[in-house]
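Enquirer: Relying on the hints, combine the two individually framed chains into one complex.
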Amino acid sequence: MTQQALADALGVSRQTVHSIEAGKYDPSLPLAFKIARLLGRAIEQVFEPED
Amino acid sequence: MNEFPSPVEQISYLAKVLAGLLVVILLGLASLELSHLPGAPGKWAAGLLAGVCALLAWAGHRRYRRLDELQRQMHGRACQWAVGLVLASLLAVSALQALGLASSVHPLAMAAGLIAAWGLGLCITHHRLD
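Protein chains in written order, with the working numbering: chain A, 1 to 51; chain Y, 1001 to 1130.
Here chain Y stands alone, though its shape is the one from the complex (with noise of 0.2 Å):
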């Protein structure tokens, strides 16, 4: 009864993440484009962006509710991470930067590390569970 996810199944989750970092990627890449756009289309183009990122978390929030007792404990286990190594990474840039030591860091960066410290969180536990 122990069974493998078939290739295809395979293939078919890592698409899925692909396409997911991928549309991180454009809406990073846009957010930081935008700044360069002055008066009304700028306004307009911030306006869509937030519409896009407020329909993905509206997306998301629909997945989320259709996982099933394990997955949301692994999304909620990958979060923690998530926030313990970021909230830790910012102390340590904090106390460098009250040092003199480093620069500031750009909320993209900030973002990047979020979207990597969860990925990990959820390899990790998706390693012990399985």
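Isolated chain A, as found in the complex (with noise of 0.2 Å):
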């Protein structure tokens, strides 16, 4: 899947799929859980929380 394409089926930006992929930027949790409902896994498997 492009970063094109995630971000058409987000209904974001390119840019922001490629900020969040390059972990320069942290989701909103309404985002995040899109995210993760569309790759088909839980939150935790996505997104890892910084220690």
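Hints were generated in silico from the structure; no laboratory data involved.
Keep in mind that this is a model prediction, so the values were computed, not measured.
All C-beta atoms in this analysis are idealised placements derived from N, C-alpha and C, irrespective of residue type, glycine included.
Heads up, some of the hints might be wrong.
[Claimed, not checked] Reference excerpt, derived from the structure (chain A facing chain Y, CB under 10 Å, subset only): (1) Leu10; (2) Gly11; (3) Val12; (4) Ser13; (5) Gln15; (6) His18; (7) Ser19; (8) Ile20; (9) Ala22; (10) Lys24; (11) Tyr25; (12) Pro27; (13) Ser28; (14) Pro30; (15) Ile43; (16) Gln45.
Expert: Okay, structure coming up:
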């Protein structure tokens, strides 16, 4: 899946997807849940908390 | 999956920024010329200018509502930069004016400074997040 396809499915910009992937931006909780749902995984499998 | 914007997207973005700047510059120049227009034409022109500014504000608001959360955050931070820089500059200029070391600042120069500070903030935020 390309960044643009993921961005379109999430209703955000490609830049947002890129920044999340690069670890430079932490998405809001609703967006994080949306990403996890789209990828068919649990949220903790997609995002790891920083200790 | 790491994609960069295509040259067409980059040129399109640059064109939008330049068009926005051109509109702001033209509005600034128009407001300068208004002071030379006497009587009724001057009032009509001032009303027209106010209407155009209101239309621009409405278009900006509509555009802002269409932005996603990251873009809103970037513009928010850019505004924080702009407010901080302009406030610091105003305090410095005010202090210099109180000491008689600086003359009064034209409101258009302040507006230009505000836009420049906002642009700088947007560039810095964009660089940090991209």
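Enquirer: Indicate, hint by hint, whether the structure satisfies it.
Expert: Hint by hint, here is what the structure shows:
With a least beta-carbon distance of about 8 Å to chain Y, the hint placing Leu10 (chain A) at the interface is held under the 10 Å criterion. Of the supplied interface hints, the one on Gly11 (chain A) holds, with its beta-carbon coming within about 7 Å of a beta-carbon of chain Y, less than 10 Å. Of the supplied interface hints, the one on Val12 (chain A) holds, with its beta-carbon coming within about 4 Å of a beta-carbon of chain Y, less than 10 Å. With 10 Å as the threshold, the beta carbon of Ser13 (chain A) comes within range of chain Y, its nearest partner Cβ sitting at about 5 Å, so the hint holds.
A distance limit of 10 Å between C-beta atoms decides the matter here; for Gln15 (chain A) the minimum to chain Y is near 6 Å, and the interface restraint holds. For the restraint placing His18 (chain A) at the interface with chain Y, the shortest Cβ-Cβ distance is roughly 7 Å, inside the 10 Å limit, so the hint holds. At about 5 Å, the closest approach between the beta carbon of Ser19 (chain A) and any beta carbon in chain Y falls short of 10 Å, and the interface hint on this residue holds. A cut of 10 Å between beta carbons decides the hint on Ile20 (chain A): the least distance to chain Y is about 8 Å, and the hint holds.
For Ala22 (chain A), the interface hint holds, the least distance from its beta-carbon to any beta-carbon of chain Y being 8 Å, beneath 10 Å. The beta carbon of Lys24 (chain A) comes within 5 Å of a beta carbon in chain Y, closer than 10 Å, and the hint placing it at the interface holds. At a threshold of 10 Å, the smallest CB-CB gap from Tyr25 (chain A) to chain Y is about 6 Å, leaving the interface hint in force. Here the hint on Pro27 (chain A) is kept, as its CB sits about 7 Å from the closest CB of chain Y, short of 10 Å.
The beta carbon of Ser28 (chain A) is positioned within 10 Å of a beta carbon in chain Y (closest approach about 5 Å), and the interface hint is therefore held. For Pro30 (chain A), the shortest C-beta to C-beta distance to chain Y is roughly 9 Å, which falls under 10 Å, so the interface hint holds. Checking Ile43 (chain A) against chain Y: minimum C-beta separation of about 17 Å lies over 10 Å; hint violated. The closest approach between the C-beta of Gln45 (chain A) and any C-beta of chain Y is roughly 18 Å, which is over the 10 Å cut-off, so the hint fails.
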